[in-house]
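Engineer: Single-letter residue listing:
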Amino acid sequence: EDQVTQSPEALRLQEGESSSLNCSYTVSGLRGLFWYRQDPGKGPEFLFTLYSAGEEKEKERLKATLTKKESFLHITAPKPEDSATYLCAVQAWTGGSEKLVFGKGTKLTVNP
Amino acid sequence: ETGVTQSPTHLIKTRGQQVTLRCSSQSGHNTVSWYQQALGQGPQFIFQYYREEENGRGNFPPRFSGLQFPNYSSELNVNALELDDSALYLCASSPVGGDTIYFGEGSWLTVV
Numbered sequence: 001e002d003q004v005t006q007s008p009e010a011l012r013l014q015e016g017e018s019s020s021l022n023c024s025y026t027v028s029g030l031r032g033l034f035w036y037r038q039d040p041g042k043g044p045e046f047l048f049t050l051y052s053a054g055e056e057k058e059k060e061r062l063k064a065t066l067t068k069k070e071s072f073l074h075i076t077a078p079k080p081e082d083s084a085t086y087l088c089a090v091q092a093w094t095g096g097s098e099k100l101v102f103g104k105g106t107k108l109t110v111n112p
Numbered sequence: 001e002t003g004v005t006q007s008p009t010h011l012i013k014t015r016g017q018q019v020t021l022r023c024s025s026q027s028g029h030n031t032v033s034w035y036q037q038a039l040g041q042g043p044q045f046i047f048q049y050y051r052e053e054e055n056g057r058g059n060f061p062p063r064f065s066g067l068q069f070p071n072y073s074s075e076l077n078v079n080a081l082e083l084d085d086s087a088l089y090l091c092a093s094s095p096v097g098g099d100t101i102y103f104g105e106g107s108w109l110t111v112v
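Protein sequences appear in the order of chains A and B.
The first sequence lines up with residues 1 to 112 when you count with my numbering.
The second sequence lines up with residues 1 to 112 when you count with my numbering.
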């Protein structure tokens, strides 16, 4: 069964304190790994798609990396506006369609 | 701006009633998926539509049904509402073969 586990569940950082979020996955045939940011009461905001081990993508203070079993979202010198829940999802093929299987997310709080 | 618009944003229904949620997706995105996100959880795949036909379903009962129209807009219908149906319902759209999946802001459903 396709499964995604994110850790930690919650993370508190001081402004400027770099850290990483983990996403481990098991999927029968990875078609893509997605990272989203979700603010309270809002829909997920697309950040990155990764397709193969060794791939890296960057956007401002965020960098996503992918291995065969896990992905990391590195946050460099975070600011309070980076506070949000970060969701990881794998794209899996099921019964004729591609679906996203999500983890429960990591709630990031960045204190000024 | 994701180009995915959902309505209504919030609604309250009574147990046993029926509800219809609507989604208007980005031009050129002919695949639409619906997800249910309970509080504190990651989104769960309900089903996907491509070219007006359902082509994949998650572990949701038949009282969850949908439609996709020629202009790629979509509806999610839920019959015989239960208290556990209270959640954020998300619509996601993507182009054929595209590597970006965009979500709308969601419809908050409360069943009392």
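FYI, nobody ran anything at the bench for these hints, they're computed from the structure.
This structure is a prediction, so every number in the text was calculated from the model and none was measured.
Treat the hints loosely; a few may be bogus.
Not the full set, but computed from the structure, chain B residues with beta-carbon under 7 Å of chain A [what the hints assert, rightly or not]: (1) Gln41; (2) Asn55; (3) Phe60; (4) Tyr102; (5) Gly104; (6) Gly106.
The following label-pair restraints were derived from C-beta to C-beta distances [what the hints assert, rightly or not]: (7) A:Glu15 x B:Pro95: 35 to 41 Å; (8) A:Lys104 x B:Glu54: 37 to 43 Å; (9) B:Gly28 x A:Glu45: 18 to 24 Å; (10) B:Pro70 x A:Glu15: 48 to 54 Å; (11) A:Glu17 x B:Val112: 28 to 34 Å.
From the derived model, a few chain B residues whose C-beta atoms are all more than 12 Å from chain A [unchecked claim]: (12) Val19; (13) Tyr35; (14) Leu83; (15) Val111.
Backbone N, C-alpha and C define an ideal beta-carbon position, used for all residues, glycine too.
Engineer: A separate judgement is required for each hint: does it hold in the structure or not?
Structural biologist: Going through the hints against the structure:
| no. | hint | result |
| --- | --- | --- |
| 1 | Gln41 | holds (6 Å) |
| 2 | Asn55 | holds (5 Å) |
| 3 | Phe60 | violated (12 Å) |
| 4 | Tyr102 | holds (6 Å) |
| 5 | Gly104 | holds (5 Å) |
| 6 | Gly106 | holds (5 Å) |
| 7 | A:Glu15 x B:Pro95: 35 to 41 Å | holds (38 Å) |
| 8 | A:Lys104 x B:Glu54: 37 to 43 Å | violated (27 Å) |
| 9 | B:Gly28 x A:Glu45: 18 to 24 Å | holds (20 Å) |
| 10 | B:Pro70 x A:Glu15: 48 to 54 Å | holds (50 Å) |
| 11 | A:Glu17 x B:Val112: 28 to 34 Å | violated (43 Å) |
| 12 | Val19 | holds (18 Å) |
| 13 | Tyr35 | violated (8 Å) |
| 14 | Leu83 | holds (20 Å) |
| 15 | Val111 | holds (18 Å) |
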